[in-house]
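A.B. asks: Okay, here's what each chain looks like letter by letter:
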Amino acid sequence: MSSNNTPIYSPQSAAAQGLQGCRRCFRLVPLPLKQCDFCGAEVSLRKQHAVQNTLAYLFTAIVLFVPANVLPIMVTSEFGSSKPSTILEGVVLLWHHGSYPTALVIFIASVLVPMAKVMALLLLCWSVVRRSPHRVQERKRLLALTELVGRWSMVDVFVVALLVALVQLAGVLTVAPGPAALAFCGVVLFTMLAAHAFDGRLLWDHAVNLKGEKVDHG
Amino acid sequence: MAEADVRQSRRFSAVWIVPIAALLIGAWTLVQNYLSQGPQIYITFATAEGLVAGETQVKTLDVQIGVVENVELADDFSSVTAMVRLRPKAASLLTDDAQFWVVRPRVGSQGISGLSTILSGAYIQLAPGAGVAGKRRYRGLDEMPLTPPSTPGLQVQLLADNASSLSAGSPVLYNGYRVGRIEESSLDPDTGQSRYTAFIDEPYDGFVTTATRFWNASGIAMSVAADGFSVRTQSLETLLTGGVTFGTPEGARSGQVVQDGALFFLFNDEASLSSNPYLHANSFLLQFDSSIRGLEVGAPVEYRGMRIGTVMDVGLQDVQWDVLWKESSSNQIPVLVDIEPGWLGEDSAAAADAFTNSLGDAVDQGLRASLAMGNLLTGGLYVSLDFYADAAPAKLVDLDGTWELPTIASGLDQIEHKVAKFLSKLQSLPLDETLDITNSALRETQATVVEAKAAMGALTALLASPDVADLSPELVATLGQAQTVLASFGPQAALQEQMVDSLRRLNQVITNANEVLDTYDEKPNAFIFPSKKRPDVVPRAAPGGE
Numbered sequence: 081m082s083s084n085n086t087p088i089y090s091p092q093s094a095a096a097q098g099l100q101g102c103r104r105c106f107r108l109v110p111l112p113l114k115q116c117d118f119c120g121a122e123v124s125l126r127k128q129h130a131v132q133n134t135l136a137y138l139f140t141a142i143v144l145f146v147p148a149n150v151l152p153i154m155v156t157s158e159f160g161s162s163k164p165s166t167i168l169e170g171v172v173l174l175w176h177h178g179s180y181p182t183a184l185v186i187f188i189a190s191v192l193v194p195m196a197k198v199m200a201l202l203l204l205c206w207s208v209v210r211r212s213p214h215r216v217q218e219r220k221r222l223l224a225l226t227e228l229v230g231r232w233s234m235v236d237v238f239v240v241a242l243l244v245a246l247v248q249l250a251g252v253l254t255v256a257p258g259p260a261a262l263a264f265c266g267v268v269l270f271t272m273l274a275a276h277a278f279d280g281r282l283l284w285d286h287a288v289n290l291k292g293e294k295v296d297h298g
Numbered sequence: 009m010a011e012a013d014v015r016q017s018r019r020f021s022a023v024w025i026v027p028i029a030a031l032l033i034g035a036w037t038l039v040q041n042y043l044s045q046g047p048q049i050y051i052t053f054a055t056a057e058g059l060v061a062g063e064t065q066v067k068t069l070d071v072q073i074g075v076v077e078n079v080e081l082a083d084d085f086s087s088v089t090a091m092v093r094l095r096p097k098a099a100s101l102l103t104d105d106a107q108f109w110v111v112r113p114r115v116g117s118q119g120i121s122g123l124s125t126i127l128s129g130a131y132i133q134l135a136p137g138a139g140v141a142g143k144r145r146y147r148g149l150d151e152m153p154l155t156p157p158s159t160p161g162l163q164v165q166l167l168a169d170n171a172s173s174l175s176a177g178s179p180v181l182y183n184g185y186r187v188g189r190i191e192e193s194s195l196d197p198d199t200g201q202s203r204y205t206a207f208i209d210e211p212y213d214g215f216v217t218t219a220t221r222f223w224n225a226s227g228i229a230m231s232v233a234a235d236g237f238s239v240r241t242q243s244l245e246t247l248l249t250g251g252v253t254f255g256t257p258e259g260a261r262s263g264q265v266v267q268d269g270a271l272f273f274l275f276n277d278e279a280s281l282s283s284n285p286y287l288h289a290n291s292f293l294l295q296f297d298s299s300i301r302g303l304e305v306g307a308p309v310e311y312r313g314m315r316i317g318t319v320m321d322v323g324l325q326d327v328q329w330d331v332l333w334k335e336s337s338s339n340q341i342p343v344l345v346d347i348e349p350g351w352l353g354e355d356s357a358a359a360a361d362a363f364t365n366s367l368g369d370a371v372d373q374g375l376r377a378s379l380a381m382g383n384l385l386t387g388g389l390y391v392s393l394d395f396y397a398d399a400a401p402a403k404l405v406d407l408d409g410t411w412e413l414p415t416i417a418s419g420l421d422q423i424e425h426k427v428a429k430f431l432s433k434l435q436s437l438p439l440d441e442t443l444d445i446t447n448s449a450l451r452e453t454q455a456t457v458v459e460a461k462a463a464m465g466a467l468t469a470l471l472a473s474p475d476v477a478d479l480s481p482e483l484v485a486t487l488g489q490a491q492t493v494l495a496s497f498g499p500q501a502a503l504q505e506q507m508v509d510s511l512r513r514l515n516q517v518i519t520n521a522n523e524v525l526d527t528y529d530e531k532p533n534a535f536i537f538p539s540k541k542r543p544d545v546v547p548r549a550a551p552g553g554e
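Protein chains in written order, with the working numbering: chain A, 81 to 298; chain C, 9 to 554.
One or more hints might be untrue.
[Stated by the list, open to error] Calculated lysine to aspartate or glutamate pairs in the EDC-like style (CA-CA distance at most 20 Å, straight line): (1) C:K426 x C:D529; (2) A:K163 x C:E63; (3) C:K67 x C:E151; (4) C:K67 x C:E57; (5) C:K67 x C:D83; (6) A:K163 x C:D526; (7) C:K531 x C:E459; (8) A:K163 x C:D70; (9) C:K426 x C:E505; (10) C:K461 x C:D529; (11) C:K67 x A:E227; (12) C:K433 x C:E505; (13) A:K163 x C:E151; (14) C:K429 x C:D529.
Please keep in mind that the hints were generated in silico from the structure rather than gathered at the bench.
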């Protein structure tokens, strides 16, 4: 039993040593077990249907991305004439008005980042499905970046929420959220869910065998 | 087996429900959106001023029923086409007579309108009509129509010879009340006439019949006459913006109900109504042998005292002479008259032609035109139509659209002729000679009397003489009787007095005859039309009478 308490460095992965991690209490559980013998949570070597779930969330995000950009995100009523504007219209308007930094921020946060995130996750899923052994480090970095940057996409939603709350000069100028705000919220949410559903360990499963040796598929 | 079952079901992740749900919701929203979409219509405007794609609203009764989705140039670049998406409920408003126009701020004589659009921007107003729904392409109006298409009432066309101060929105008055308005005014480029569209609201449209006449009530009418100076105006509004009044001329028959779009002539003022109140007329050419002096343009044409037309031209400067002189002798004076069937009932082109046809039959039966005296004081003439049984046979002749109506010398001409003849006879009488003879006869009579006096003196002397004294008393008696007889011839005698009286009367007659002759010299027709009567001479006794 004492040998169990002593940390032993092994180049082999836990899986190769017949262990799996509990994702709730982080306890190493022997492989055959389906439930954590400590906290009772379901355990598995890898996240169940990680690629499928990621793809499903990504697909949802892509679906929501369409109304998020086509429908107006904000309806500005000025002297009784209401003017709906989509995200891209807002960006173009800001650019024409000379607010280049704001335009850039909104463009990057609202358009570029979600799209980049979706593309990155798709790329990672594809590499897993293809069992690609190459560029494991780059892919790991990409995954980390995706998870880091994803939350900033909510900037746009916050802008709308702030404007709606602050600009309420009845009759003169009012701002109301449009249907795209909800859709855009969904886009951000589902890309975050997709990133969460992805199991980063899958990236190197095919690059390293269970004994921790690099495999050369080439 | 159980494990295999689990693996089978776990092949697909449950998370796939999320995108499927998203897709389903999206699809449902799309379908819902599509199904709830109203009709799409295209409205053509002259200009896109104030129209913004995605923003400009379409309203009716100030309720939004749609929005302009797109504004594009028409294919020929002469106008713009606005694509409008309406709400589904508005589909039934798209009648075939619905009207669209852009509401913009407007300041005019009718007041200020569309002020709210200064801030909110222009919008398209829809005025639904009463027709069948289903139209999708419309031509937008340049301006707001003064009368919405479904307003009950009557629309009439007015035609005026000269442009007046009328403009769209000017009032149409009846007895001073505003019962309608001018909707549109335009100038006919071909004829130069002004054409107006007027709308008369229900229930006043019943006042308009075929007998109704319209006249201009604009501005101020001033007249100066012997009894003073008079100014007439209508309401202040008509003074500023002009206006049209209508009514039925006195004595006109009650006309029939008119159809929408009926054409009326717009007279310059109320006074010119009587001169030429009817629109439809056929022209007739009359050739008179006698003088037409006194026949004025505008004089009536009458049939047995009933007016049926108007003299349009005397002398005919504008008509080609070669047409005029065709089949006529050159010493005739042409007179152009218009026969207007409106005086007798219906005022229409068909009635005018029908009247011309019936006139042709009447001419065959002896209908002739003649000049008649209308006003004895001014000598004004009018044209009279009547049947003359003894008239020489004639026909109604067509001269390229104008008809020649045969004429006959008037009764007046004949009388004048006779009077002139009589007067010339009277003038040829040797009155001066007769007077001389009479005078000499009187002189001789006077001499006779003087002689008789002398004879009597001689006789008296003779009687006083002794020779006579010797005569028997019988002779004296006889002489006395003779003296009495002679004395009756003296200046104091009744016989002489009578004679002198007779002579005086003869003198008077001659003086009167002279006077008559002078009068006829001055005024030949005084035989028929005596001059003003002199006050009767009142007889009175001579001063210190016998």
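A.B. asks: Does each hint hold? Answer for all of them.
C.D. replies: Here's how the hints hold up against the structure:
1. C:K426 x C:D529: Distance ~15 Å between C:K426 and C:D529 Cα, so the pair holds.
2. A:K163 x C:E63: 7 Å, holds
3. C:K67 x C:E151: It holds: about 16 Å lies between the C-alpha atoms, which stays within 20 Å.
4. C:K67 x C:E57: 17 Å, holds
5. C:K67 x C:D83: 27 Å, violated
6. A:K163 x C:D526: Not OK: A:K163 and C:D526 at ~103 Å, beyond 20 Å, violated.
7. C:K531 x C:E459: Distance ~48 Å between C:K531 and C:E459 Cα, so the pair is violated.
8. A:K163 x C:D70: Roughly 19 Å separates the two Cα atoms, so the pair holds.
9. C:K426 x C:E505: 43 Å, violated
10. C:K461 x C:D529: Since the Cα atoms of C:K461 and C:D529 sit roughly 46 Å apart, the hinted pair is violated (cutoff 20 Å).
11. C:K67 x A:E227: 50 Å, violated
12. C:K433 x C:E505: 36 Å, violated
13. A:K163 x C:E151: 26 Å, violated
14. C:K429 x C:D529: Status holds; Cα separation ~13 Å.
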